[in-house]
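Engineer: Residue numbers (the UniProt record's numbering), protein chains in the order written: chain W, 1 to 521; chain V, 1 to 145.
Hint data in this document are derived by calculation from the structure and do not stem from the laboratory. If you're wondering where the values come from, they're calculated on a predicted model, not measured in any experiment. No residue lacks a Cβ here, since even glycine has one placed at the ideal position from N, Cα and C. None of the hints are false.
Derived BS3-like pairs: lysine-lysine, alpha-carbon spacing no greater than 25 Å straight-line:
| hint | chain 1 | residue 1 | chain 2 | residue 2 |
| --- | --- | --- | --- | --- |
| 1 | V | Lys61 | W | Lys97 |
| 2 | V | Lys28 | V | Lys68 |
| 3 | W | Lys518 | W | Lys340 |
| 4 | W | Lys97 | W | Lys340 |
| 5 | W | Lys97 | W | Lys513 |
| 6 | W | Lys502 | W | Lys184 |
| 7 | V | Lys46 | W | Lys340 |
| 8 | W | Lys340 | W | Lys502 |
| 9 | V | Lys61 | V | Lys46 |
| 10 | V | Lys68 | V | Lys78 |
| 11 | V | Lys46 | W | Lys263 |
| 12 | W | Lys97 | W | Lys502 |
| 13 | W | Lys450 | V | Lys61 |
| 14 | V | Lys61 | W | Lys340 |
| 15 | W | Lys184 | W | Lys340 |
| 16 | V | Lys78 | V | Lys29 |
| 17 | V | Lys28 | V | Lys78 |
| 18 | V | Lys46 | W | Lys97 |
A short, non-exhaustive set of chain V residues, derived as facing chain W with CB atoms under 10 Å:
| hint | residue |
| --- | --- |
| 19 | Pro44 |
| 20 | Lys46 |
| 21 | Glu54 |
| 22 | Glu55 |
| 23 | Arg56 |
| 24 | Arg60 |
| 25 | Lys61 |
| 26 | Gln62 |
| 27 | Leu64 |
| 28 | Tyr92 |
| 29 | Gly93 |
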Amino acid sequence: MKPTQIALRAGLPALGAALAALPAQAQETAHSIDEKINEVVGAATGPFVNFIFAPFPGTSFPWIVLWLVIAATIFTLYFAFVQFRAFPHSIALVSGKYSDPDDAGEVSHFQALATALSGTVGLGNIAGVAVAVSIGGPGATFWMILAGLMGMASKFTECTLGVKYRNEYADGTVSGGPMYYLSKGMAERGFAGFGKVLAICFSIVCVLGSLGGGNMFQANQAHAQLANIIGDYPGWITGVIFAAIVFAVIIGGLKSIAQVTEKIVPFMGVLYVGTALIIIAINYDRIGWALGQIFDGAFTGLGVAGGLVGALIQGFKRAAFSNEAGVGSAAIAHSAVRTKEPITEGFVSLLEPFIDTVVICTMTALVIVITGVLQVDAETGQYIWNAELGRVETLGDVSGVALTSAAFESAISWFPYVLALAVILFAFSTMISWSYYGLKAWTYMFGEGKFQELSFKILFCIFVVIGAAMNLGPVIDFSDAAIFAMALFNIIGLYFLMPIVKAEMISYQSRLKSGEIKRYA
Amino acid sequence: MTTETFVVAYENKEGDDGLLDYAIARAKKDNAALLLVHILEWSPYKFLTPQEIEERHARRKQELARAKEVMLDPALAKVHAAGLEGDCRIRYGSVVELVAEIASEASASMIFVGRSGTQSMAARIFGSVPLGLAQVASVPTVIVP
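Okay, chain V solo, but in the shape it has when bound:
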């Protein structure tokens, strides 16, 4: 029986294997369940052409299916193989806002997120997902290098 839930902000980018391995190790130690969260960046104010509007619903279905099959299912299999309880969520919207919200909804006690690894000017000005989570999350956030 698990005692707590850890949220993993999973993007499946380079280095996220390390993030998942670390989260699994910590969850085993604390007897926690892992909730893998993948957010597809989306703004309801982004401009679309009529053609894009027509195709949007079909695209959304494809994007959700791809995120589940290619990213989350293999990651979840790894969690289960490690003998841990695990679940996943895929949502559209702002990454920072939604990861923090899901962590709150699931009464998670910790969030694990991969380091962004970028030195770009945009990241310095507008911030990155790990920095954003560190600022807004209501639970401790572990940034995994």
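Here chain W stands alone, though its shape is the one from the complex:
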């Protein structure tokens, strides 16, 4: 055990004592529960995972990753690089320059952005990037940034539609998201039946994504980080504690926990990026080298198995999992915002992949590369590939969130504790957001009602325990598959509906130019 781990154990006497007090037989039983859950869930999700990640015939390129890349490229071109042209206007919207003072008290653009970000900024930025860089090499970072920039156009498209086709109820509440624009928007285009099928398919995989990436993956990595610093203990213990807190918030209506988390999460985000910048600044002499590794690795692979394609696949996969562009989740969050112009939510939402991927994920990747936790062969200068594990050899032989933790620890010894807190808070806020997304898809399928809501929320809590108890492999595979499956149905609809977004964009921009859309500050 590392000295820091011993120190933390001393700092957490209650937990340490409780775990130490577990008799050996009980611990064995606990581990066997983990293994049993792994076995059952791993076997149940295997065929679904295999289908989603099946390679494009004759290549090693998963067809679903290609699906996202092509969509992001098409939206970027179709909207004439809206992510770059509208970037300054998006900032102006978020800073309230176009907000009518008479609308004060309604949800502001800033609040919509912050809430949607709290659902996306999370473990994908910390653990997911580590996975990408350890499997795809530093070059994966380049493709991740590119995917983030392109994904801004996908997010713009889906969030505009989310607001435009939401359902508004008599009591003033709203429900929106891909399931609504797929059914209502497609009906408007003359494809009512097909739209309904897409909406139902989307809802099914959204519920799975909510239970997978939005829940199991979060619980799993939060447990991994805790076990990393206080010593190994059964995952279901973390799962039960997390599930109890999530239960208190989403079923017990204990808003204070959610509100405290929502306040701390942005602070942790700033702290995380700030610390990454400090570590990069400390290693300023290696910045040029690290950037060189990222660019070289993007096109040569630097000896990492899979080369360019391997780096590209990992970069795009992790970017999509982190910023969720094209997945449709953010459209659910943004659709609840009351705005006179649906397109304004599109403009605001395009900032999310930028903040999430281009800024935060890049920081994680740079810290991992720059601190040298990826092992390089001194003779060849190439990364040492561990064929058995299917990734680059790492310092301490760790992966996922533990690799990011090791990278930060190599520069700032106490940072793993801060990171552990950040991971837990990020995991928790992501779970709260995804419980909402899953619930919206669930009620779309089964109807609004107290029983329907409660049944989903209980299911969600059960999956917290399952997620924390499983090994990283089956959890991350299922998480990825479920999230990517959402993109499959969502993007088909986006292709049909993108002319509607374009008409909205042209109308808005001409009114903005003529001064009809007023600037208040």
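Please build the complex by placing chain V on the supplied structure of chain W, with the hints as guidance.
Structural biologist: Chain V alone, transformed into the frame defined by chain W:
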């Protein structure tokens, strides 16, 4: 015919009856109209959960209706019963900033505000509504105990 307008920063907290009575007495004496202002504290940067975002519009409508029916309508009835001209405004935002802004928009000649009555550390460090108004308002501000 009234000659001037007095703004009353009305919160309907304990002691605001005294504030309203005093403002009515002064308005009668000066032949002024009263503009009752109630501000619902709100920041566009406050973090909301997705569920809160969904419910926000409905909540806003309820909050506005409640503020009007429970607080301002009875207070305005009292103003009218005293034979004075009166009106009211409800807004969301920062209390000090908005009361001062509305007073300015209405060309009011005076603002009446109730004493905060708090000795808390937070009020000492961050200030209170009466102190804030005394500092930023462009017209004389009367703090009513």
